[in-house]
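Asker: If you want the building blocks of each chain, they are given just below.
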Amino acid sequence: MTFTQKLCGLAGATALSIFAAVPAWAQEAAAAAAAAPTPNKGDTAWMMTSTLLVLLMILPGLQLFYGGLTRSKNMLSTMTQIGAVAALAMLVWVMWGYTMAFGDGGNAIISGFGKAFLAGITPDSTAATFSDGVVIPEYVFVSFQMTFAAITVALVLGSVVERIKFSAVMVFAIIWLTIVYFPIAHMVWASNGYFFGLGALDFAGGTVVHINAGVSALVAALMLGKRIGFPKEPMPPHSLTLTMVGTGLLWVGWFGFNAGSALEANGSAGLAMINTFVATAAGGLFWMLTERLNGHKGSALGFCSGIVAGLVAVTPAAGNSGPFGAIVLGAVASVVCFYSVSFLKPKLGYDDSLDAFGIHGVGGIIGAIGTGIVYSPSLGGPGGDDFQIGAQLIIQIEAVVATIVWASIGTAIAIFIAKALTGLRVKPEVEQEGLDLGEHGERAYN
Amino acid sequence: MTFTQKLCGLAGATALSIFAAVPAWAQEAAAAAAAAPTPNKGDTAWMMTSTLLVLLMILPGLQLFYGGLTRSKNMLSTMTQIGAVAALAMLVWVMWGYTMAFGDGGNAIISGFGKAFLAGITPDSTAATFSDGVVIPEYVFVSFQMTFAAITVALVLGSVVERIKFSAVMVFAIIWLTIVYFPIAHMVWASNGYFFGLGALDFAGGTVVHINAGVSALVAALMLGKRIGFPKEPMPPHSLTLTMVGTGLLWVGWFGFNAGSALEANGSAGLAMINTFVATAAGGLFWMLTERLNGHKGSALGFCSGIVAGLVAVTPAAGNSGPFGAIVLGAVASVVCFYSVSFLKPKLGYDDSLDAFGIHGVGGIIGAIGTGIVYSPSLGGPGGDDFQIGAQLIIQIEAVVATIVWASIGTAIAIFIAKALTGLRVKPEVEQEGLDLGEHGERAYN
Amino acid sequence: MTFTQKLCGLAGATALSIFAAVPAWAQEAAAAAAAAPTPNKGDTAWMMTSTLLVLLMILPGLQLFYGGLTRSKNMLSTMTQIGAVAALAMLVWVMWGYTMAFGDGGNAIISGFGKAFLAGITPDSTAATFSDGVVIPEYVFVSFQMTFAAITVALVLGSVVERIKFSAVMVFAIIWLTIVYFPIAHMVWASNGYFFGLGALDFAGGTVVHINAGVSALVAALMLGKRIGFPKEPMPPHSLTLTMVGTGLLWVGWFGFNAGSALEANGSAGLAMINTFVATAAGGLFWMLTERLNGHKGSALGFCSGIVAGLVAVTPAAGNSGPFGAIVLGAVASVVCFYSVSFLKPKLGYDDSLDAFGIHGVGGIIGAIGTGIVYSPSLGGPGGDDFQIGAQLIIQIEAVVATIVWASIGTAIAIFIAKALTGLRVKPEVEQEGLDLGEHGERAYN
Amino acid sequence: MKLVMAIIKPFKLDDVREALTGLGIAGMTVSEVKGFGRQKGQTEIYRGAEYSTNMVPKIKVEIVCDDGLAPRVVESIQQAANSGAIGDGKIFVLDVGQAVRIRTGETGETAL
Amino acid sequence: MKLVMAIIKPFKLDDVREALTGLGIAGMTVSEVKGFGRQKGQTEIYRGAEYSTNMVPKIKVEIVCDDGLAPRVVESIQQAANSGAIGDGKIFVLDVGQAVRIRTGETGETAL
Amino acid sequence: MKLVMAIIKPFKLDDVREALTGLGIAGMTVSEVKGFGRQKGQTEIYRGAEYSTNMVPKIKVEIVCDDGLAPRVVESIQQAANSGAIGDGKIFVLDVGQAVRIRTGETGETAL
Ligand SMILES: Nc1ncnc2c1ncn2[C@@H]1O[C@H](COP(=O)(O)OP(=O)(O)O)[C@@H](O)[C@H]1O
Ligand SMILES: Nc1ncnc2c1ncn2[C@@H]1O[C@H](COP(=O)(O)OP(=O)(O)O)[C@@H](O)[C@H]1O
Ligand SMILES: Nc1ncnc2c1ncn2[C@@H]1O[C@H](COP(=O)(O)OP(=O)(O)O)[C@@H](O)[C@H]1O
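Going line by line, the protein sequences match chains A, B, C, D, E and F.
Each residue of the first sequence is one higher than the last, beginning at 2 in the working numbering.
Each residue of the second sequence is one higher than the last, beginning at 2 in the working numbering.
Each residue of the third sequence is one higher than the last, beginning at 2 in the working numbering.
Each residue of the fourth sequence is one higher than the last, beginning at 35 in the working numbering.
Each residue of the fifth sequence is one higher than the last, beginning at 35 in the working numbering.
Each residue of the sixth sequence is one higher than the last, beginning at 35 in the working numbering.
So that you can see chain A by itself, here it is in the shape it has in the complex (with noise of 0.2 Å):
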């Protein structure tokens, strides 16, 4: 069975086994009713702290970092799509989204619909952590995971501002939640997901969450079209300052992320921190230092766009690298993305506004392949003496392509029917003069 063989089954089984999880409802609901083991005190903070903080990611993170890099005249579009594209996965997330990923049962594609609705969820039921014996209240959970949801959805957008209608990013992002990211969050996260099966190393998310964001943005964004005018009139970001404001609260956030999915208050959260820093401060001064080697300034918007590239490559890795292994994660995804930003788009011709393929899809890509090697103890990893390199590679490769492939297809579908239902696009003359006005009836500045 080749690999692509493969692939068409997982993705056959989907019809299937959505519709096969249904009559597991009742039983998993009964079932989670079970006798669990106490919540430690200082897991439980650290996690409740720990979903905040991907929260200050979206709000105001995400939309100051990309809401700073348009112009004025789209400015509240930019925040009102991440953020009412937020509220609204957090919706989806409690009704369906919660038992697709994570709900009792299932197949290696999507869990069971037992906990739709969050049913039978109190507040002492609890969630298992990666330590025997150690949980968390599944509440907690619950909300952790949501916030990964809502930004990885809003990540997506960063390739269609300044184009999009608002209603069509509604209806996108339902669809694209139901049939992208829910199976993919099983997939590389729940025991019975079919890459956590096979052994792949994502410790925070960069598949399910950065390189599936990229990919989407990058195929939304061909299927949406150009920005008028796009690449022949200046398009400069309105407002770096608030970008550099957006990067801090994305670093800050971003700990949330990385430290938190260790899931305890423990050392290996510690190990997450440590690499959430070096590699991103790498990921930052490498892409200035690269913008000099080619002749140029280094530049604050370089600045910006390295912390992000640094902080995409570690995600995978941040409890599966040593801190040097981290460093040269960061700096390699850094400069790899320079390139992809900057000649790579350029050549291509397509319109990614605000680069999410070409920073979280490539770092993220990196990010996933260099994970494998990372994670090697002679690297100072943290993997095992068995641990072989080679091996790793190739599942690594084969979590990356699947969810390629599945990203891939799954929001040509969702973009289909957004449009659709929509018409996807703003009329011209609103894209003329700005989506604040157009879409919301607002000026962002008065």
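Warning: the hint list may mix true and false statements.
[What the hints assert, rightly or not] Each computed EDC-like pair below joins lysine to aspartate or glutamate, with the alpha-carbon atoms no more than 20 Å apart:
#1 LYS298/A / GLU84/F
#2 LYS68/D / ASP49/F
#3 LYS74/D / GLU434/B
#4 LYS233/B / GLU84/E
#5 LYS346/A / GLU84/F
#6 LYS74/E / ASP49/D
#7 LYS74/F / GLU430/C
#8 LYS298/A / GLU430/C
#9 LYS68/F / GLU52/E
#10 LYS298/C / GLU430/B
#11 LYS74/E / GLU430/A
#12 LYS68/E / GLU66/F
#13 LYS94/D / GLU66/E
#14 LYS94/E / GLU434/A
#15 LYS68/E / GLU234/B
#16 LYS74/E / GLU84/E
#17 LYS94/D / GLU434/B
#18 LYS233/A / ASP48/E
#19 LYS68/D / GLU66/F
#20 LYS233/C / ASP49/F
#21 LYS68/F / GLU434/C
#22 LYS298/B / GLU84/E
#23 LYS68/D / GLU52/F
#24 LYS74/E / GLU52/D
#25 LYS348/A / GLU84/F
#26 LYS233/B / GLU52/D
#27 LYS346/B / GLU84/E
#28 LYS74/F / GLU52/E
#29 LYS233/A / GLU52/E
#30 LYS94/F / GLU434/C
#31 LYS68/F / GLU234/A
#32 LYS68/F / GLU66/E
#33 LYS74/D / GLU430/B
#34 LYS74/F / GLU234/A
#35 LYS74/D / ASP49/F
Simulated from the structure, these hints should not be mistaken for laboratory data.
Just so you know, these numbers come straight off a predicted model, no measurement behind them.
Following the hints, put chains B, C, D, E and F with the ligands in place on chain A, whose structure we already have.
Answerer: Below, chains B, C, D, E and F with the ligands without anything else, positioned relative to chain A:
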């Protein structure tokens, strides 16, 4: 004894009780040193984090949310009034606020004065939580509750900015905190408090903070009069970008408010957390939806307003509701606040500059009353099997009405004194040119 | 042996000690693996949170606080210098910083080099706290202390922005951290450090961070020279709004600094927390009051400056004072800093662009010396009954003077080298047109 | 045709616009400027550095109208923008040789 | 010499600049203004408060050129800035008595 | 009366204002503009997208003065604003038909 009589009795008793409480001073200080269980460090960590989250709501959260809505000539004035009033509240709190609200002894309206100037509190003192034998360091409890006092008085300013004197704000704050906030906080949260005794449900301060602030804001705005030019002259928000940033920070910080009010890092905090996510998400989206249904565009400011309305409404219900009860509560509050702000306010013609009443007051009332409904186990709430909606609703409404009356009278007194001492309102020229230059001698932007 | 002699001895010993420490390398790495008690997860959660709070102080806190005070043409330059220098400090920290400050062995001035490149540290390594048998994961301790190094070097930039080259900043940072920051951090905080041995009180880094940064800033500003047009040409802050936002974030983040320095989630952290609230509140209000007493309007920038002065002053005293001692300290520091910035600076005529010396230096000195007073149990401080103000004051002053001398000499060397390698200062045309375009090729606002 | 250029206080813009609409003026162009004159700005103090800004925010209104209407335009503005306080501003009148409406290419007074 | 002052739609600036460069115009000065005219602004609603802004963002372009070139400048702008929609703007032409290049002190048409 | 309109480099504004005050000029109006001319802007690069901005920030100063003073106003500005570098700007002089002080209704040169 009718309800009105009870209220008058309560009010009358205050003057007396303030003095009656004083003699108890010495004895209580001694009692505070008694042996106590050791705080759990996870709880302590979470409560310190929660405290900071509430601070983040004020500076820079509320400063940005409110400031962005003012005209640029009043930006610094708005931010400085909020910041300075919060600072003042902190000093007042450690002097006589904490002891009035949470000191030992006292009566149903205020506590004893034994902890004035934090007398007798040491790093080893502890404060009780809702679980038997679970305590947190008292300094942390003092700090946590301090931020509640600080934000509540800052919220009131939303209706009076752009015309009230800085000095008037300072005087008002001292009096209002003393005669309105501290007694109400005591009545609702202290174990010997009046509403607490009645069994009123208020998880995180729907009455104490939001109804209280909203109603006080309305009274203050009415006494102060309209801004020159209102409503003829357009007064568009000078930076909805900043308002959106403030909204994000408010949401993030509000978890300190709501999940922090569990006083422990446990499943109840987890429930408050998920409710604060979904009620708010529903609030944001339903405001935009209501705008659409009224023939307008869904707006960025609408999204922000809905977020805050949702947050306000879920505050009393945070740990007293299931997630779907919370969603309904957030949605309903958002829709009602939309109408109150868009139709009721123009009709009544008062000038509540930033809609402190229209959102905090109205949303708070809906939340407080709604909590009596969603608490019901039949609606997924955590109430016991013997819970009776009808009886609880009466208690909730009693608490609401009493808070409204108390806040109105107290605010009237406080504004009256502030007017006598400072003149209350800036000169027309200063209002014309902006309070930034006139009151602070600076410009926000150069 | 006079105090001056001691100082020279200290300074002289450094060069030696740096090398002397090297041979110890191998043995110590081995020792680090010894059995250790398990970290409490509540402490770990709190320390991770604290670490992020300090990061929040830098990005975006200090970036906004400083950036808002510069002219818009230098906004990105200011933010990028702060961000990049922080990133650089993190990389230097894991390479040779941590081991120099907190490695095993070494002498009174620096530690051994056994932990260079974090050799021997694993997720299971732990670091001691102030309580016997209480430890936290070493990676968390490394991260926490890393943020202190990062913010301190960023603070220094406050006096030199708007004219110093980006490359000069990078070179300066590497040298300054190595010869100034790491030794002083070791002397104050390591158990075998010189000032630690003397018994100097510095809870969260009054000397290490603030006096150090402030004095270094002054020396750097003097060596660099004034901005073109200073003081004739008006150079008003381009956005006090952003400065106010930065102030709020600094305050929030500073709790990581101060309450985090307890290294545990306990009552001592709670004491540091309440002190950091009230000293700061007093600082903000007293600056405005002093403005009024000097015939000016109470200003927004005054409020912000007072907040920072209060924070600086309470830093060494955070866990070493009662709340009312902290209030006095914050108020005194605020008033003195007001005079230093408003009268002393114009008189002396140096150009400390953003008053890094006037606030961090002066406020730090007041805080460090004042800590020797408010520690006294007779003033509500946590000192033992045998505490003697006089003796303690001498120790405090010794530590202050030594820090001033060390920082001055080290800064002079670092600036000298930076000048030799990079030219230090941008060309007049670049200064005229702004460093954003000249150094980074971008504009902050389009 | 005449170009009437008025420098007024910002908060008077609405009154001026209404007065002109009353005259039948269908268009005008407005910009934010800073004025230097008898009216001095407020003194701003930032950490001890005192700036007596002598620049005061003003609004410049430009109206092109036919020669006959010009005196009435000037008069209306003078009345509407008058607050009696120093700094109320100035009105200047210049000759305009030609006017073109971009959309239609019409010229002269019909272009206004 | 003439001062050609054109009020155009912001997104037409690039086209106008190119058209003028084609004519050999070496310099111009541009500012952001707000226009009041037949074209009405969008209605903005903030929490129920409805503002029908009758001010629309426009760009003012000012070019000083010699008398002979002026008609062609006007024509080029009229064509480049034309989108056929209401609000395309106006072009006004005024007489200029003198021009000086600050750097060299040259005067008259050589100063342009 | 004359309208002297000068386009200068921003950092020269203070010098120009001082020079004019020296001449006894009591008022002027200042606005922020962008200039296109021989002086090219810096190249800005944002993630590989290169913009050679040909717009440079400038300040426009407008002074109305009586005919006799105009030449000296022009001369003072030319000297004060001169840095010898490309892009120092231009001075244009236009005729003004009428001037009115809004506060008092005074007209002509007494209005200035
Ligand atoms: N000679 C002038 N040329 C151009 N603008 C002027 C002149 N004099 C005054 N102004 C403008 O008119 C405004 C008002 O003038 P000012 O002298 O302050 O008060 P007033 O018009 O009441 O005498 C100034 O701020 C400036 O913008
Ligand atoms: N009489 C006028 N004086 C000065 N500017 C004018 C005048 N009339 C119109 N304008 C400017 O021209 C712009 C376009 O005019 P408008 O009436 O909206 O459309 P159109 O030019 O297509 O008829 C206006 O926004 C305003 O800036
Ligand atoms: N023909 C023109 N009409 C209007 N403004 C002009 C003209 N030529 C130049 N300017 C203005 O003068 C400024 C300086 O001109 P530039 O050609 O760059 O340098 P210089 O004046 O030293 O020759 C330009 O930025 C522009 O604002």
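Asker: Holds or violated: are the alpha carbons of LYS74/D and ASP49/F at most 20 Å from each other?
Answerer: holds (18 Å)
Asker: Under the criterion that the straight-line Cα-Cα distance not exceed 20 Å, is the pair LYS68/D, GLU66/F satisfied?
Answerer: holds (9 Å)
Asker: Between LYS68/F and GLU52/E, is the straight-line Cα distance small enough, at 20 Å or below?
Answerer: holds (16 Å)
Asker: Need the status of pair LYS74/E, GLU52/D: alpha-carbon distance at most 20 Å?
Answerer: holds (15 Å)
Asker: Are the Cα positions of LYS74/E and GLU430/A separated by 20 Å at most?
Answerer: Judged against 20 Å, a Cα distance of about 15 Å means the pair holds.
Asker: For a C-alpha distance cap of 20 Å, please report whether LYS68/E and GLU66/F respect it.
Answerer: Holds: LYS68/E and GLU66/F sit about 14 Å apart, inside 20 Å.
Asker: Are LYS74/F and GLU234/A close enough, with their CA atoms no more than 20 Å apart?
Answerer: Holds, at roughly 18 Å.
Asker: Between LYS68/D and GLU52/F, does the CA-CA distance stay at or below 20 Å?
Answerer: holds (16 Å)
Asker: Would you check the hint for LYS74/E and ASP49/D, treating anything up to 20 Å between C-alpha atoms as holding?
Answerer: Within the cut-off at roughly 18 Å; holds.
Asker: Run the distance test for LYS68/E versus GLU234/B: straight-line Cα separation, threshold 20 Å.
Answerer: Between LYS68/E and GLU234/B the Cα gap is close to 18 Å, so the pair holds against 20 Å.
Asker: Given the proposed pairing of LYS68/F with GLU66/E, does the C-alpha separation stay at or below 20 Å?
Answerer: holds (9 Å)
Asker: Check the hint pairing LYS298/B with GLU84/E against an upper bound of 20 Å on the C-alpha distance.
Answerer: holds (12 Å)
In summary, this structure violates none of the numbered hints.
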